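Model the full structure from these sequences, guided by the hints.
Residue strings, one per chain:
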Amino acid sequence: MRAFISLTLAVFRNLSRYRSEYIGNFLGPVFWVIPAWLIVRYANIPDAFGASVSGFAGAAMYFFIGATYWNYVEGIWSIALGLRENMRLGTLESLWASPAPRFSMIMGWSVGRLLGTTLHSLLAFGLLSALSIIHLHDLSYENLLIVAYIIFFSVLAAYGFGFVLVGLTLRFRDAESLISMLGNAAPLLGGILFPIMYLPLPLQGLAYLFPFTYGVDALRGVLLGSTTLLPLRTEIFLLFVMGILFPLSGWFFFLEIEKRARVEGIGEF
Amino acid sequence: MRAIFSLLYKEISYHRVYPLDLVSLAISPFFIVAPFVFVAKAHAENLQLSVSLGLIAWYWLSMFFWGVGYGVRDEMEEGVIESLLATPASVIELLAAKAIDTLLINLYITIALVILLWLLAGVSFHLNWIKFFLLFMASNFALASLSFVYAAFVLVARQASFAGNLFQEAVGILSGMTAPVSVLPKAVRWLSMLIPLTYAIEGARKVAVGQFPYSEMAILFAFGGVLLLSGVLLVKKAEHYVRLTGTTGEY
Numbered sequence: 029m030r031a032f033i034s035l036t037l038a039v040f041r042n043l044s045r046y047r048s049e050y051i052g053n054f055l056g057p058v059f060w061v062i063p064a065w066l067i068v069r070y071a072n073i074p075d076a077f078g079a080s081v082s083g084f085a086g087a088a089m090y091f092f093i094g095a096t097y098w099n100y101v102e103g104i105w106s107i108a109l110g111l112r113e114n115m116r117l118g119t120l121e122s123l124w125a126s127p128a129p130r131f132s133m134i135m136g137w138s139v140g141r142l143l144g145t146t147l148h149s150l151l152a153f154g155l156l157s158a159l160s161i162i163h164l165h166d167l168s169y170e171n172l173l174i175v176a177y178i179i180f181f182s183v184l185a186a187y188g189f190g191f192v193l194v195g196l197t198l199r200f201r202d203a204e205s206l207i208s209m210l211g212n213a214a215p216l217l218g219g220i221l222f223p224i225m226y227l228p229l230p231l232q233g234l235a236y237l238f239p240f241t242y243g244v245d246a247l248r249g250v251l252l253g254s255t256t257l258l259p260l261r262t263e264i265f266l267l268f269v270m271g272i273l274f275p276l277s278g279w280f281f282f283l284e285i286e287k288r289a290r291v292e293g294i295g296e297f
Numbered sequence: 219m220r221a222i223f224s225l226l227y228k229e230i231s232y233h234r235v236y237p238l239d240l241v242s243l244a245i246s247p248f249f250i251v252a253p254f255v256f257v258a259k260a261h262a263e264n265l266q267l268s269v270s271l272g273l274i275a276w277y278w279l280s281m282f283f284w285g286v287g288y289g290v291r292d293e294m295e296e297g298v299i300e301s302l303l304a305t306p307a308s309v310i311e312l313l314a315a316k317a318i319d320t321l322l323i324n325l326y327i328t329i330a331l332v333i334l335l336w337l338l339a340g341v342s343f344h345l346n347w348i349k350f351f352l353l354f355m356a357s358n359f360a361l362a363s364l365s366f367v368y369a370a371f372v373l374v375a376r377q378a379s380f381a382g383n384l385f386q387e388a389v390g391i392l393s394g395m396t397a398p399v400s401v402l403p404k405a406v407r408w409l410s411m412l413i414p415l416t417y418a419i420e421g422a423r424k425v426a427v428g429q430f431p432y433s434e435m436a437i438l439f440a441f442g443g444v445l446l447l448s449g450v451l452l453v454k455k456a457e458h459y460v461r462l463t464g465t466t467g468e469y
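The listed protein sequences derive, respectively, from chains G and L.
Reminder that position 204 of the first sequence reads as 232 in our numbering, one-by-one numbering, no gaps.
Reminder that position 155 of the second sequence reads as 373 in our numbering, one-by-one numbering, no gaps.
These are computed hints drawn from the structure, not numbers from a lab.
No experiment lies behind these values; they were computed from the predicted model shown.
Among the hints, erroneous ones may be present.
Stated by the list, open to error - Lysine to any residue pairs mimicking SDA-like chemistry, simulated, CA-CA at most 25 Å apart:
1) K404/L / G154/G
2) K454/L / S224/L
3) K349/L / G443/L
4) K454/L / E300/L
5) K349/L / Q429/L
6) K228/L / I333/L
7) K228/L / S208/G
8) K228/L / L206/G
9) K454/L / E229/L
10) K455/L / A307/L
11) K228/L / G118/G
12) K287/G / M29/G
13) K455/L / E311/L
14) K424/L / M29/G
15) K228/L / M115/G
16) K404/L / L143/G
17) K454/L / G297/L
18) K228/L / E296/L
19) K404/L / R69/G
20) K424/L / Y70/G
21) K424/L / N72/G
22) K404/L / P74/G
23) K404/L / L206/G
Said to hold, decoys possible - Quick list of the computed label-pair ranges, beta carbon to beta carbon:
24) L231/G / Q429/L: 31 to 41 Å
25) Q429/L / L172/G: 48 to 58 Å
26) F265/G / I230/L: 46 to 56 Å
Claimed, not checked - Coverage of chain G stretches by chain L, computed from C-beta distances (three or more under 8 Å per stretch; other residues unrestricted):
27) 57 to 67
28) 225 to 234
Using N, Cα and C, we set each Cβ at its ideal position, and we do this for glycine too.
So, in structure tokens, the structure goes:
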């Protein structure tokens with residue numbers, strides 16, 4: 029627990045030391061939303077892929093939900109990049125040699141990031157609302173609970189990927205490229221900016237194996253009343269199953285890799 | 219000149235040692251660009267080529283910013299900048315080598331993007347490739363020169379990734395990366411006119427409709443010349459500053 033608290037505090041200390049980086053994170057969703065929204069403006073088709081919140085504001089909201097949702101997932105995945113940074117700076121071995129449990133370490137790094145993500149998502153929402161680009165209508169308590177449920181299980185599923193990425197970072201010299209490829213592929217496959225039905229069939233197949241496809245789709249279904257790929261209940265159930273299975277299998281993968289890394293040494297770079 | 223070639227050889231050696239980097243450079247840009255291309259496809263199919271060209275040109279800028287401008291940070295983090303500065307080679311030569319390497323990478327990325335966007339997003343690139351290549355060279359000259367100015371900032375500010383990110387994204391939006399500048403509010407359009415990327419994107423869209431982008435290329439060369447001169451001057455000043463203050467190891 030002490031390791032977890034210390035590392036969470038370390039993340040916040042780092043944020044306060046490099047405040048400009050934090051502002052960069054807060055602007056992340058804004059830079060997804062505006063270029064996509066400008067396409068819709070230019071095409072002059074005020075449509076949010078059939079969502080009940082129509083018009084240009086509906087389209088902006090559609091993109092904003094996708095971008096914010098992705099920020100949470102990325103917040104967890106970036107643990108692996110943080111680990112890589114420690115490798116570059118030559119501090120990973122000493123950190124790894126400490127008696128702190130690995131689980132507490134990873135949770136400590138990520139919980140701090142998640143809290144930060146929540147704060148800057150609210151700031152981004154505030155900024156885009158102030159610019160009258162987005163509006164949120166009629167959010168009932170029941171819907172808020174469903175939203176919390178979707179985010180919770182999506183975050184759990186993201187940890188599954190996060191553990192695998194941390195394992196790969198420990199093992200492979202080229203892990204950064206691998207993480208970057210996976211990290212960049214995910215928003216496309218998950219349909220962060222558009223419904224996955226526009227993807228070519230082979231990519232659609234991959235998208236259906238991806239928990240975030242259901243997460244972001246269900247979230248839009250609840251918040252915007254958009255038509256979901258599968259019935260909402262089915263998506264929520266699939267997210268629950270993936271939210272349990274992914275972190276468990278990811279954690280076992282990580283333990284196996286870590287065992288090997290202890291014998292054979294941490295991957296070079 | 220020998221220093222530039224040696225440093226270029228060092229940059230190219232990285233790609234040999236990290237082959238997965240080359241795979242990532244071929245595939246990752248597609249993943250970054252494609253979501254916007256699919257948004258265009260979903261709204262109006264005839265926008266796909268225009269959006270693709272805008273994003274490809276924006277990617278050139280992105281590569282120069284991280285490969286050249288922010289690239290000096292690699293040497294700082296790896297702790298080799300001091301030894302490099304102790305040799306007769308200057309930071310300008312280091313940046314020149316990085317710029318040539320990035321130019322080659324941009325060519326590689328552009329080819330990969332065109333193929334992947336055609337295969338997976340159905341974008342038809344009916345272009346005059348000779349005109350497009352000439353525009354590519356003019357644009358890359360202007361954008362490389364701009365990255366020299368950013369490199370001077372990185373040397374002095376040390377922690378400049380936020381500024382780089384913000385600049386790169388804002389410049390993308392202002393220069394009409396996904397939609398022509400005419401969609402932007404009038405109040406910010408004058409800013410677009412001050413950004414070389416705007417002319418690279420407009421030029422690429424002109425090539426797409428069969429025109430030769432004479433005026434855009436002339437403006438890009440003018441931008442390139444002015445920015446290169448100011449960049450070299452600023453980098454020399456920044457190099458002098460870090461030599462005096464000894465801050466190369468801090469970031």
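For each hint, the structure was consulted:
Of the supplied pair hints, the one linking K404/L and G154/G holds, its CA atoms being roughly 24 Å apart against a limit of 25 Å. Distance hint between K454/L and S224/L is fulfilled; the C-alpha atoms sit about 21 Å from each other, no more than 25 Å. Between K349/L and G443/L, the direct Cα distance comes to roughly 21 Å. Compliance with the 25 Å bound is thereby established for this hinted pair. With a C-alpha separation of about 16 Å, the suggested pair K454/L and E300/L falls inside the 25 Å cut-off, and the hint holds.
A hinted pair counts as satisfied when its Cα atoms are at most 25 Å apart, and K349/L with Q429/L qualifies at roughly 9 Å. Distance check on the hinted pair: K228/L and I333/L sit about 29 Å apart at the alpha-carbon level, beyond 25 Å; violated. Between K228/L and S208/G the CA atoms are separated by roughly 23 Å; this keeps the pair inside 25 Å, and the hint holds. Taken as a hint, the K228/L and L206/G pair is honoured in the structure, with Cα atoms around 22 Å apart against an allowance of 25 Å.
A threshold of 25 Å between alpha carbons decides the hint, and for K454/L with E229/L the separation of about 22 Å falls inside it, so the pair holds. For a cut-off of 25 Å, the pair hint linking K455/L to A307/L stands: about 16 Å separates their Cα positions. A threshold of 25 Å between alpha carbons decides the hint, and for K228/L with G118/G the separation of about 22 Å falls inside it, so the pair holds. Proposed proximity of K287/G and M29/G is supported: the alpha carbons are some 23 Å apart, at most 25 Å.
Among the hinted pairs, K455/L with E311/L is consistent with the structure: their alpha-carbon atoms are about 15 Å apart, no more than 25 Å. For the suggested pair K424/L and M29/G, the alpha carbons sit about 61 Å apart, so the restraint of at most 25 Å is broken. Under the criterion of a C-alpha separation no larger than 25 Å, the hint pairing K228/L with M115/G is consistent with the structure, at around 21 Å. Of the supplied pair hints, the one linking K404/L and L143/G is violated, its CA atoms being roughly 37 Å apart against a limit of 25 Å.
Among the hinted pairs, K454/L with G297/L is consistent with the structure: their alpha-carbon atoms are about 20 Å apart, no more than 25 Å. For a cut-off of 25 Å, the pair hint linking K228/L to E296/L stands: about 14 Å separates their Cα positions. A threshold of 25 Å between alpha carbons decides the hint, and for K404/L with R69/G the separation of about 15 Å falls inside it, so the pair holds. About 18 Å separates the Cα atoms of K424/L and Y70/G, which keeps this hinted pair within 25 Å; it holds.
Restraint check for K424/L and N72/G: satisfied, since their Cα atoms lie roughly 22 Å apart, inside the 25 Å limit. With a C-alpha separation of about 21 Å, the suggested pair K404/L and P74/G falls inside the 25 Å cut-off, and the hint holds. For the hint pairing K404/L with L206/G, the CA-to-CA distance comes to about 42 Å; that exceeds 25 Å, so the pair is violated. Here the CB-CB span from L231/G to Q429/L is close to 34 Å, well matched to the stated 31 to 41 Å.
One distance hint, 48 to 58 Å for the beta-carbon pair Q429/L and L172/G, holds here, with the actual separation near 53 Å. For the pair F265/G and I230/L, the beta carbons lie near 51 Å from each other, so the given range of 46 to 56 Å is met. Counting residues of the segment 57 to 67 of chain G whose CB lies closer than 8 Å to any CB of chain L gives 6, which reaches the minimum of 3, so the coverage claim holds. Check result for the segment 225 to 234 of chain G against chain L: holds, 4 residues qualifying (beta carbon to beta carbon below 8 Å, three or more required).
In terms of the numbered hints stated before, the structure departs from hints 6, 14, 16 and 23, listed from lowest to highest.
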